[in-house]
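Undergrad: The lines below spell out each chain.
There are 2 protein chains.
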Amino acid sequence: MPRAATTSDVFNAIAEPRRRQIIEMLARRGAVAVSALVVTLGMPQPAVSKHLGVLRKVGLVSVSKQGQQRLYELEAKELKLVHDWAKKFEQHWSHHLDRIKQRAERRAREQRGLSN
Amino acid sequence: MPRAATTSDVFNAIAEPRRRQIIEMLARRGAVAVSALVVTLGMPQPAVSKHLGVLRKVGLVSVSKQGQQRLYELEAKELKLVHDWAKKFEQHWSHHLDRIKQRAERRAREQRGLSN
DNA sequence: TTGACATATTCCCATATGGGAATACAATTG
DNA sequence: CAATTGTATTCCCATATGGGAATATGTCAA
Chain A
1289 MPRAATTSDV FNAIAEPRRR QIIEMLARRG AVAVSALVVT LGMPQPAVSK
1339 HLGVLRKVGL VSVSKQGQQR LYELEAKELK LVHDWAKKFE QHWSHHLDRI
1389 KQRAERRARE QRGLSN
Chain B
1289 MPRAATTSDV FNAIAEPRRR QIIEMLARRG AVAVSALVVT LGMPQPAVSK
1339 HLGVLRKVGL VSVSKQGQQR LYELEAKELK LVHDWAKKFE QHWSHHLDRI
1389 KQRAERRARE QRGLSN
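One line per chain: the protein sequences are A and B, in this order.
Take any residue in the first sequence, count from 1 to its spot, add 1288: that is its number in the working numbering.
Take any residue in the second sequence, count from 1 to its spot, add 1288: that is its number in the working numbering.
No lab work stands behind these hints: they were computed from the structure.
Incorrect hints may have been included.
Pairs involving identical chains hold if they fit within one copy or between any two copies, as the list cannot separate such chains.
[Said to hold, decoys possible] Capping the alpha-carbon separation at 30 angstroms, the derived lysine-lysine pairs in DSBU-like fashion look like this:
id : residue 1 : residue 2
1  : Lys1376   : Lys1338
2  : Lys1353   : Lys1365
3  : Lys1338   : Lys1365
4  : Lys1376   : Lys1353
5  : Lys1368   : Lys1353
6  : Lys1375   : Lys1365
7  : Lys1345   : Lys1376
8  : Lys1365   : Lys1376
All chains, please: the whole structure from these sequences, using the hints.
TA: Below is the structure:
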């Protein structure tokens, strides 16, 4: 069995770095035409269109026509899924950071102890 | 060019649903032996080992030996990356929810207006 | 050492990928 | 209508994937 389709999931869709770039640009600039993405991100137009296609299939972006342009817009609620999933592990990484901080502080105390 | 390697990124690593399951189980149960994952998740052992290999390469888990077992543990700080990335778009999805809420409230007002 | 158990690795395969190039389609303008 | 511009689609290709089966490696126990 091959890897799951990039269009099967938000998680699979955002695995591609270029698609994350597109998402970031849409977040910054609102509704953006394909040509603007092409220019700003410096990728060939077919590549941009294909990536937008993937993002659209998983609901991460929506399109609207304006003249001969297509304006793509971020549908950020799909990203909330990712956020919420990762957030489930928040306590785990903060515990971990705590342990690191504690070790650092202990070392600092020991240093002071040695030098005094 | 094929898709980016699953081991190139945390984002690519968590694209696979089975690997997310593994992560979730490690989060719940702490240090877990491979055999426990095999039993609980009901996947063949080689599959589990391979997925753990990917997770290890991107730093999402760490291993320790205990007798003939390997205990895998979640390294959640790598997930903070994902969390933080998604969080950048928080205002976007909350705005979106606001708009939905506003529309709903407006409809409700109009309903009341009609029936009174 | 031999055997039993836990885990990792290898090999084979069907499949979807992302890139590039070319082309199709769509909308606007003259 | 034809020409132009903006975007989507198609075709070809090299490649990594995840699954399954088999096997290798590692570690303990008798």
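Undergrad: For every hint, state whether the structure bears it out.
TA: How the hints compare with the structure:
Only between protomers do Lys1376 and Lys1338 lie at most 30 angstroms apart by alpha-carbon distance; the minimum there is 24 angstroms, versus 32 angstroms within a single protomer. In the homo-oligomer, the alpha carbons of Lys1353 and Lys1365 lie at most 30 angstroms apart inside one protomer (22 angstroms), although the nearest pairing across protomers, at 42 angstroms, exceeds that limit. Proximity of Lys1338 to Lys1365 under the C-alpha cut-off of 30 angstroms is restricted to the intra-copy arrangement: shortest distance 22 angstroms within a copy versus 32 angstroms between copies. In this assembly of identical chains, Lys1376 and Lys1353 lie within 30 angstroms of each other by CA distance solely across copies; the values are 27 angstroms between and 38 angstroms within a copy.
With identical chains, the CA atoms of Lys1368 and Lys1353 are at most 30 angstroms apart within one copy only, with a shortest distance of 26 angstroms there and 37 angstroms across copies. With identical chains, the CA atoms of Lys1375 and Lys1365 are at most 30 angstroms apart both within one copy (15 angstroms) and between copies (11 angstroms). In the homo-oligomer, the alpha carbons of Lys1345 and Lys1376 lie at most 30 angstroms apart both inside one protomer (26 angstroms) and across protomers (22 angstroms), since each shortest distance falls under that limit. When the C-alpha separation of Lys1365 and Lys1376 is checked against a cutoff of 30 angstroms, the pair qualifies both within a copy, at 17 angstroms, and between copies, at 12 angstroms.
In this structure, none of the earlier numbered hints is contradicted; all agree with it.
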